[in-house]
Amino acid sequence: MSKLLQINNLKTVFYTEEGQVPSVDNVSLDIKKGETVAIVGESGSGKSVTALSILGLVPSPGRVVTGEILYEGKDLLKMTDKEIKKIRGNEISMIFQEPLSALNPVLTVGKQIQESIELHQKKKGKRAKEKVIQLLNRVGIPRPEKVYYSYPHTLSGGMRQRVMIAMALSCRPKLIIADEPTTALDVTTQAQILNLMKSLSEEEGTTILIITHDLGVVAEMADRVVVMYAGQVVEQSTVYDLFEKPEHPYTKGLLDCTPKIHGESEELLAIEGTVPTIQNRPTGCKFHPRCKFTHEKCKEKDPELFTIKEKQKVRCYLHEKVIEERLK
Amino acid sequence: MTYIIRRLFQVIPVLIIVSFLVFLFVYLSGDPVALMLPEDASQAEIENMRKVLGLDKPFIVQYGIFLLNAVNGDFGQSFIYKQEALGIVLERLPATFELMIASIIVSTIIAIPLGVWSAIRRNTFVDLFISSSSILGKAMPNFWLGMMLVLLFSVTLQLLPVSGKGTIYHLILPAITAGTAMAAQLTRMLRSHMIEVLSQDYIRTARSKGLGSFVIIFKHALRNSMLPVITIIALQISTLVGGALITETVFSWPGLGQLIIQAIHARDMAVVQACVLVIAVFVIVVNLLADLLYRVVDPRIKYN
Numbered sequence: 001m002s003k004l005l006q007i008n009n010l011k012t013v014f015y016t017e018e019g020q021v022p023s024v025d026n027v028s029l030d031i032k033k034g035e036t037v038a039i040v041g042e043s044g045s046g047k048s049v050t051a052l053s054i055l056g057l058v059p060s061p062g063r064v065v066t067g068e069i070l071y072e073g074k075d076l077l078k079m080t081d082k083e084i085k086k087i088r089g090n091e092i093s094m095i096f097q098e099p100l101s102a103l104n105p106v107l108t109v110g111k112q113i114q115e116s117i118e119l120h121q122k123k124k125g126k127r128a129k130e131k132v133i134q135l136l137n138r139v140g141i142p143r144p145e146k147v148y149y150s151y152p153h154t155l156s157g158g159m160r161q162r163v164m165i166a167m168a169l170s171c172r173p174k175l176i177i178a179d180e181p182t183t184a185l186d187v188t189t190q191a192q193i194l195n196l197m198k199s200l201s202e203e204e205g206t207t208i209l210i211i212t213h214d215l216g217v218v219a220e221m222a223d224r225v226v227v228m229y230a231g232q233v234v235e236q237s238t239v240y241d242l243f244e245k246p247e248h249p250y251t252k253g254l255l256d257c258t259p260k261i262h263g264e265s266e267e268l269l270a271i272e273g274t275v276p277t278i279q280n281r282p283t284g285c286k287f288h289p290r291c292k293f294t295h296e297k298c299k300e301k302d303p304e305l306f307t308i309k310e311k312q313k314v315r316c317y318l319h320e321k322v323i324e325e326r327l328k
Numbered sequence: 001m002t003y004i005i006r007r008l009f010q011v012i013p014v015l016i017i018v019s020f021l022v023f024l025f026v027y028l029s030g031d032p033v034a035l036m037l038p039e040d041a042s043q044a045e046i047e048n049m050r051k052v053l054g055l056d057k058p059f060i061v062q063y064g065i066f067l068l069n070a071v072n073g074d075f076g077q078s079f080i081y082k083q084e085a086l087g088i089v090l091e092r093l094p095a096t097f098e099l100m101i102a103s104i105i106v107s108t109i110i111a112i113p114l115g116v117w118s119a120i121r122r123n124t125f126v127d128l129f130i131s132s133s134s135i136l137g138k139a140m141p142n143f144w145l146g147m148m149l150v151l152l153f154s155v156t157l158q159l160l161p162v163s164g165k166g167t168i169y170h171l172i173l174p175a176i177t178a179g180t181a182m183a184a185q186l187t188r189m190l191r192s193h194m195i196e197v198l199s200q201d202y203i204r205t206a207r208s209k210g211l212g213s214f215v216i217i218f219k220h221a222l223r224n225s226m227l228p229v230i231t232i233i234a235l236q237i238s239t240l241v242g243g244a245l246i247t248e249t250v251f252s253w254p255g256l257g258q259l260i261i262q263a264i265h266a267r268d269m270a271v272v273q274a275c276v277l278v279i280a281v282f283v284i285v286v287n288l289l290a291d292l293l294y295r296v297v298d299p300r301i302k303y304n
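Protein chains in written order, with this note's numbering: chain A, 1 to 328; chain B, 1 to 304.
The shape of chain B in the complex, shown without the other chains:
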């Protein structure tokens, strides 16, 4: 418990750094007033607008105000949606979350059997095939894979919807697109750890007890190989969020990724800032959860 509280305190400096960077980049990217006012606005009108928005103050003061407001959940108004920026972001969060969970499920469903299989059949044709497929899986760009899947399953075979969100069928292609790279990495990781675990003494003990291969692999070996898998999943969450920008755009998935792209195009900076900070918090929370999960999987790990 004290560990959790301590870890939560460590989150604060991380968030301050992230917020500073986000603010800095938006600041450097130029003056939003020019975009907000009509082209024929007079100099006086521009000055007035800047004063209203507080843009005439020094950089560090502006950042201070931004930070104070952000702590209160106020990221300012989105000038496109004419709503609270945070509200828009939080509204989109569940869709991204859903896609993320689906792609993690897809990738573990693919990776666990393949990783285990290539480990127990190592240096055979099966292993070679799985290993080279996983290199391919890792190498394929998201947007290309997404379009190819759409071409095959939606256009040619007409089995699945092209884009949008609604039924479970809408989820399949985006989840595969986002999960493939992760599945590839998980497979390779699991293979190498499984090979190591299978040569351990306790596996020999399990065999000497007369246990069958299935019990040995899934009860004795897999749990010992899960630790690095959890680490990868946690680390890949941030990659998944990055990938969501592309996947969500390809499939018109109404999540954070699509929102952030649209907001950047429109220079809707309040929304961009809120998006990035929400994602940062999300990634931090996931990593904390992964740390706590280690303890469940491996009783030897102690926090302190």
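For reference, chain A alone in the conformation it holds in the complex:
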């Protein structure tokens, strides 16, 4: 499979009164055509900013400072305003977390979907409207002719997210970036929305990059997983390896936090401490203050991303030894 999107050494910083703070620090990852990749991490891990960097939507005072984002071989970061606008919503589209605030409250949902179609597909008036109604139908909205004229606040959370999906699908994009698409929804609706995204992407062969903090969503959707912590990728692996054999202490910690139906303990486990704020990131390994296996080296120097298997990379010194021993 060829690579659809390749992010190399992406660094996105925010300019604050205390100086530059890196939100995304040297992130590299790639997505192949047709696969679903999940970026997992807690709030503040830089996962959303990574997603926004792809389409150049990082809010001010944030800016991408270094790195490249290759989409079908072309660097999105080097594109002119006009070129990137042709990609946005057309070849790469986004689904956001909170559909109520992500939809314009004073425009009907029909008009909001139609906007993309009129912009990118040069369909106008009646033909564009027909297309919108088709799309609404396709994402499972009942009575689409009526919903076309509805305002976002009159729809339920699940319906609104279906509208967002219809909007994202409207120009048959090659890549959909979904930033926490189910976080604002209740559990039953979450399952419906995930199923819908899954079946639509299979039908269309759309590649999906899903950003989430919910490992349940990862298990449901993803082929491969990228775990982020404090602006860095700490582990990359296939979804099977991640759940079977997590290698980074942080990933292990995350998995231990998931309540299990047949678990021995009644207590809900948690990783001690909190994610360091963007201004107070520790030196060395960013995870060392919370890690059970910290030794001196972790405090001094940031470990690199060690490749331990064909599809698994881990940013931890515990694996450096494994590799060294293997090399001997």
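Honestly, the hints are just simulated from the structure, not real lab data.
List time: in silico DSS-like cross-link candidates among lysine-lysine, alpha-carbon distance up to 25 Å: (1) A:Lys-78 / A:Lys-174; (2) A:Lys-111 / B:Lys-302; (3) A:Lys-245 / A:Lys-260; (4) A:Lys-252 / A:Lys-301; (5) A:Lys-252 / A:Lys-309; (6) A:Lys-82 / B:Lys-219; (7) B:Lys-219 / A:Lys-86; (8) A:Lys-245 / A:Lys-311; (9) A:Lys-126 / B:Lys-219; (10) A:Lys-198 / A:Lys-174; (11) A:Lys-245 / A:Lys-309; (12) A:Lys-111 / A:Lys-123; (13) A:Lys-86 / A:Lys-126; (14) A:Lys-301 / A:Lys-11; (15) B:Lys-219 / A:Lys-111; (16) A:Lys-78 / A:Lys-33; (17) A:Lys-131 / A:Lys-111; (18) B:Lys-219 / A:Lys-122; (19) A:Lys-33 / A:Lys-309; (20) A:Lys-32 / A:Lys-86; (21) A:Lys-131 / A:Lys-174; (22) A:Lys-11 / A:Lys-33; (23) A:Lys-123 / B:Lys-219; (24) B:Lys-302 / A:Lys-146; (25) A:Lys-86 / A:Lys-129; (26) A:Lys-174 / A:Lys-124; (27) B:Lys-219 / A:Lys-129; (28) B:Lys-219 / A:Lys-146; (29) B:Lys-219 / A:Lys-131; (30) A:Lys-78 / A:Lys-32; (31) A:Lys-74 / A:Lys-11; (32) A:Lys-123 / A:Lys-86; (33) A:Lys-124 / B:Lys-219; (34) A:Lys-198 / A:Lys-131; (35) A:Lys-33 / A:Lys-86; (36) A:Lys-309 / A:Lys-292.
Note that the structure is a prediction, hence the values are computed from the model and not measured.
Please arrange chain B on chain A, whose structure you already have, making use of the hints.
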């Protein structure tokens, strides 16, 4: 519809209070008979006049009579014009209305681009310049600004007429004079709301669709920032009427403002009372219209 009817019923107590205040102040300001009769009129003549005008009755009875007549559109005779007071007032209303509409147009034409511009260029020199100009605009007194404009455009450059009403050129200077303060306030209001709206998630969605800045600002952002603008315009209508007293006097504009000043000077109380009540009704109607307009701009607003 029921909302409109309910709101119209709410207008009644407001009008009663306004009419009472107007009547009270005129009553307290003294006896009009002394002015109406020649100076050498005898005591008997004065008494007789008071009786004819009903001024010998207790205050509350006088107010009752005034209110009853007012409901029938009768505010009494203007003793200067020797005509029905209401008729004179209504005759002047269109001119004030014209000036008001013109100043609202002037101020929105100034405020929308400036407000939007300083919002998208916030904390730059452009923003600073626009913000400080709007403070200046708000701080300049009407009468001074009016005279300065006349001095510049009519006297020195001889481009526009000094005063009076007639052609569209006569309207320009008064409209700018009356609209400047409002434009300043609108600009500042629009700037702050626009900044807030531009940071909303739906603006990011619009950008993610590949829309251009122009469409994002004027289709997605401006409509969401219009609500406070409508409120300001509606509230400013009463200020505009107050300002009309000055603007109309400076430019000899034959509207209500000029009429009310002349009537006060002449103690032509029937006209003053009619003027104030007509203005009150007008302001109430404008506010009601603004309330109805909210629904058009923002579909989330429901009346009930």
